[in-house]
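Asker: Quick mapping for you: the protein sequence lines, in order, are chains R and H.
Take UniProt numbering: the last position of the first sequence gets the number 412, and nothing is skipped along the way.
Take UniProt numbering: the last position of the second sequence gets the number 412, and nothing is skipped along the way.
Worth double-checking, as some hints may not be accurate.
A pair counts as met if it fits within one copy or between any two copies, since identical chains are not told apart.
[What the hints assert, rightly or not] Cut-off 20 Å, straight-line C-alpha distance, at most; resulting in silico cross-link-like pairs (PhoX-like, lysine-lysine):
hint	residue 1	residue 2
1	K395	K364
2	K412	K364
3	K202	K131
4	K402	K364
5	K367	K262
6	K260	K382
By construction, these hints were calculated from the structure, which means they are not laboratory data.
Protein chains: 2
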Amino acid sequence: MIEEEILKIIKPTEEDKKGIEKVLEIIRERLNKLDFEVEGSFRKGTWLRQDTDIDVFVFYPKDVGKEYLERNALNDIINRIKDLDYTLAYAEHPYVIVNINNVEVDIVPALRVESGDKAITAVDRTPFHTKYVTSHLDERGKDEVRLLKRFMKGIGVYGAELKVQGFSGYATELLIIYYGNFRKVLEEASKWKHPIKIELTKPMKIFSEPLIIPDPVDPKRNVTAAVSLKNIATFSIAAKYYLKNPSIEFFFPSKKVEEKVKGDVLILRLNLDEKSSEDIVWGQIKRSVNKIERALKQYGFRVIDVQAWGDTNNITIAVQLESKNIGQYYLNIGPQYYSETIEDFIQKNDNIWVGEDGRLYSIKERKEYDAETIAKKNIVLKVKYNIESYWLQNKEDQQIMKFLRKTPTWLK
Amino acid sequence: MIEEEILKIIKPTEEDKKGIEKVLEIIRERLNKLDFEVEGSFRKGTWLRQDTDIDVFVFYPKDVGKEYLERNALNDIINRIKDLDYTLAYAEHPYVIVNINNVEVDIVPALRVESGDKAITAVDRTPFHTKYVTSHLDERGKDEVRLLKRFMKGIGVYGAELKVQGFSGYATELLIIYYGNFRKVLEEASKWKHPIKIELTKPMKIFSEPLIIPDPVDPKRNVTAAVSLKNIATFSIAAKYYLKNPSIEFFFPSKKVEEKVKGDVLILRLNLDEKSSEDIVWGQIKRSVNKIERALKQYGFRVIDVQAWGDTNNITIAVQLESKNIGQYYLNIGPQYYSETIEDFIQKNDNIWVGEDGRLYSIKERKEYDAETIAKKNIVLKVKYNIESYWLQNKEDQQIMKFLRKTPTWLK
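Turn these sequences into a full structure, and let the hints steer you where they fit.
Answerer: Next up, the structure:
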């Protein structure tokens with residue numbers, strides 16, 4: 001069976017586990033006497049082979065407050081590991097990333113609270129998630145989570161970060177806990193129609209998102225609040241197609257070559273000067289993509305698709321139009337001949353005529369009809385960046401070919 | 001006052017009248033012993049100087065029937081004038097056009113009926129129109145009709161023929177009879193909003209046209225049934241503007257030069273082999289213009305304007321588009337991810353993706369994206385014709401400049 005084959009690839013071996021334990025030993029020594037715990041998928045046993053970072057949380061009494069976490073706690077942690085290869089990262093709060101033997105360890109300061117619903121910062125809930133998942137998943141359940149994670153990675157809907165707007169690891173674990181196994185999750189997902197409610201616990205709030213999984217440790221929070229409708233739809237369709245025709249393609253999609261450039265494709269290559277947090281950059285990139293699409297449509301372009309890809313420094317935005325030549329002038333529809341506004345219309349317009357329907361019409365000049373200018377104007381990045389833009393002539397790199405092809409390889 | 005100035009130009013002199021009487025004398029001799037009458041604007045005294053043809057009707061007892069008119073009657077008439085310069089013409093029935101000293105005389109066979117509402121062919125009503133008008137218009141009234149006719153000619157809404165779809169001479173006469181004078185007609189027309197009802201007599205039918213003038217001699221007929229909404233609207237706007245600022249421009253518009261070609265303008269020059277009746281050719285041209293516009297829009301073009309001009313043999317159709325480059329491909333909007341039709345959509349489409357709204361999208365190739373081909377395909381002429389087509393580069397002849405300018409010279 002295909003899923004067993006996949007598990008052979010993605011399930012960590014005892015050796016993998018030992019390698020990570022070795023790394024953790026180093027961290028444990030450094031955090032000696034602090035109130036720390038390993039969290040995340042490694043702790044929960046739902047991690048994928050060669051595809052994990054380790055989360056170590058350091059807890060402080062909840063009375064110390066946020067500022068203490070961000071300064072004193074962080075400084076203390078840095079002092080303990082500063083001889084190692086580390087970087088500072090920022091989510092809601094700053095945390096430390098240590099790289100040991102190519103294993104990434106995130107050391108996250110958090111507040112110790114009594115229960116999930118008492119969380120002060122977003123990370124304070126994490127130990128309760130860990131407890132909930134470990135107490136509800138057996139060994140087989142953990143493998144089912146692994147299959148679901150790999151499936152979601154394969155079809156591109158895994159990852160809570162803004163860049164993806166997909167499913168978090170915790171969400172996949174809750175789906176397996178609720179439905180029992182990987183296949184059952186797919187069977188249900190293939191029948192989804194939003195709003196979708198998956199209630200391991202009664203919600204303590206009315207949620208408006210398309211997919212609603214109230215957090216069992218904090219029911220006034222929707223675990224999947226940030227999952228986009230696009231990702232929900234993609235997952236539902238992929239589930240339906242996988243069940244009809246299971247294939248490794250869903251877990252590990254192949255790369256296909258697309259030869260044809262259809263329509264006019266504008267490529268914007270952005271190079272960001274500063275290093276910013278991924279969620280901040282991608283929040284701005286997503287907003288730029290939306291603004292570009294809206295502006296182009298407003299100016300009269302027929303937009304096929306606008307997508308962005310890249311990392312935190314090098315980002316490509318691709319804009320695909322039916323045609324970049326919409327013309328300098330457009331038909332302006334005026335009032336009926338009997339309207340009081342006709343004199344105003346006649347005064348303000350040129351090239352005016354009466355149509356067969358009794359309306360006045362005129363020809364107007366577009367304020368802007370160069371798609372490249374419009375696209376560039378609507379990039380809203382708050383950091384400095386260089387931009388290179390050009391109209392695509394031929395297929396270029398793999399990402400552009402993927403953009404041109406569009407159809408996921410698992411679909412067709 | 002401007003109208004008196006105009007009358008000096010358009011009102012025939014005694015000499016003009018004598019010239020026409022001379023021509024009529026020749027015709028009268030030829031039609032000796034037939035039951036004939038002079039009809040039309042010359043008879044009614046509402047004709048314009050150097051701008052009239054003379055209508056002579058030859059009546060036959062109503063029992064002879066239509067076929068007799070078209071054969072025996074016509075042959076008899078032809079035999080009497082065949083040494084003159086004549087041509088055969090076709091409206092609802094054939095009639096004879098004789099040219100004498102550059103004056104055109106139409107000799108029309110008709111049936112003698114008891115009253116207008118007993119008309120068997122369209123022309124049988126004419127003597128009753130003549131009687132109605134002559135008995136309701138005094139000398140000043142006739143001049144008011146002349147002003148209205150010239151005004152309507154100037155703004156392009158005069159002429160009952162299909163090519164114009166404007167006001168007939170009879171309609172202008174009824175408007176003056178109803179409203180009293182030229183100025184009063186304009187004052188009322190400037191306030192028109194369709195449906196407009198002008199009832200010299202109670203209608204004997206429910207009419208659906210925008211302008212309704214029941215025929216006083218046959219109230220089940222709408223005199224202005226064929227006047228297009230475009231012409232009604234144009235007349236109403238011109239009336240409003242003339243009253244605010246009277247000018248000779250309305251009666252005799254000047255020619256203005258338009259320098260700019262805005263958008264992409266396709267010129268189709270049609271040359272018709274056979275000589276057909278104007279109404280038949282222009283019925284087909286009007287239908288072609290509509291079909292071209294509809295087809296182009298359906299194929300995705302943004303049409304600014306499509307117009308036709310010319311005579312019965314040489315016709316120009318001009319097609320103005322915002323852009324002729326709409327691209328070979330278009331965005332195809334598919335079903336929501338939960339729809340039962342998604343499998344069908346996926347099977348039939350290429351370049352498929354899931355949008356942010358949960359819908360499937362695809363890229364489709366247009367069946368046709370060459371505007372020239374589409375325009376040519378949608379010409380529906382039943383006679384043979386040659387066609388030359390090209391994209392306009394510069395302003396060319398006066399008609400094309402008028403098409404490009406659009407704004408009537410009397411408007412702005």
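Asker: So, for every hint listed, does it hold in this structure?
Answerer: Status of the hints after comparison with the structure:
1. In this assembly of identical chains, the alpha carbons of K395 and K364 lie at most 20 Å apart only when taken from different copies (19 Å versus 37 Å within one copy).
2. In the homo-oligomer, the alpha carbons of K412 and K364 lie at most 20 Å apart only across protomers (16 Å), although the nearest pairing inside one protomer, at 44 Å, exceeds that limit.
3. In this assembly of identical chains, the alpha carbons of K202 and K131 lie at most 20 Å apart only when taken from the same copy (19 Å versus 91 Å across copies).
4. For the homomeric pair K402 and K364, the shortest alpha-carbon distance between copies (17 Å) is at most 20 Å, but the shortest distance inside one copy (38 Å) is not.
5. In this homomeric assembly, K367 and K262 come within 20 Å of each other (Cα to Cα) only across copies, at 14 Å, whereas the closest approach inside a single copy is 27 Å.
6. Proximity of K260 to K382 under the C-alpha cut-off of 20 Å is found in neither arrangement, the shortest distances being 35 Å within a copy and 42 Å between copies.
Hint 6 from the earlier list is the only one contradicted by this structure; the remaining hints agree with it.
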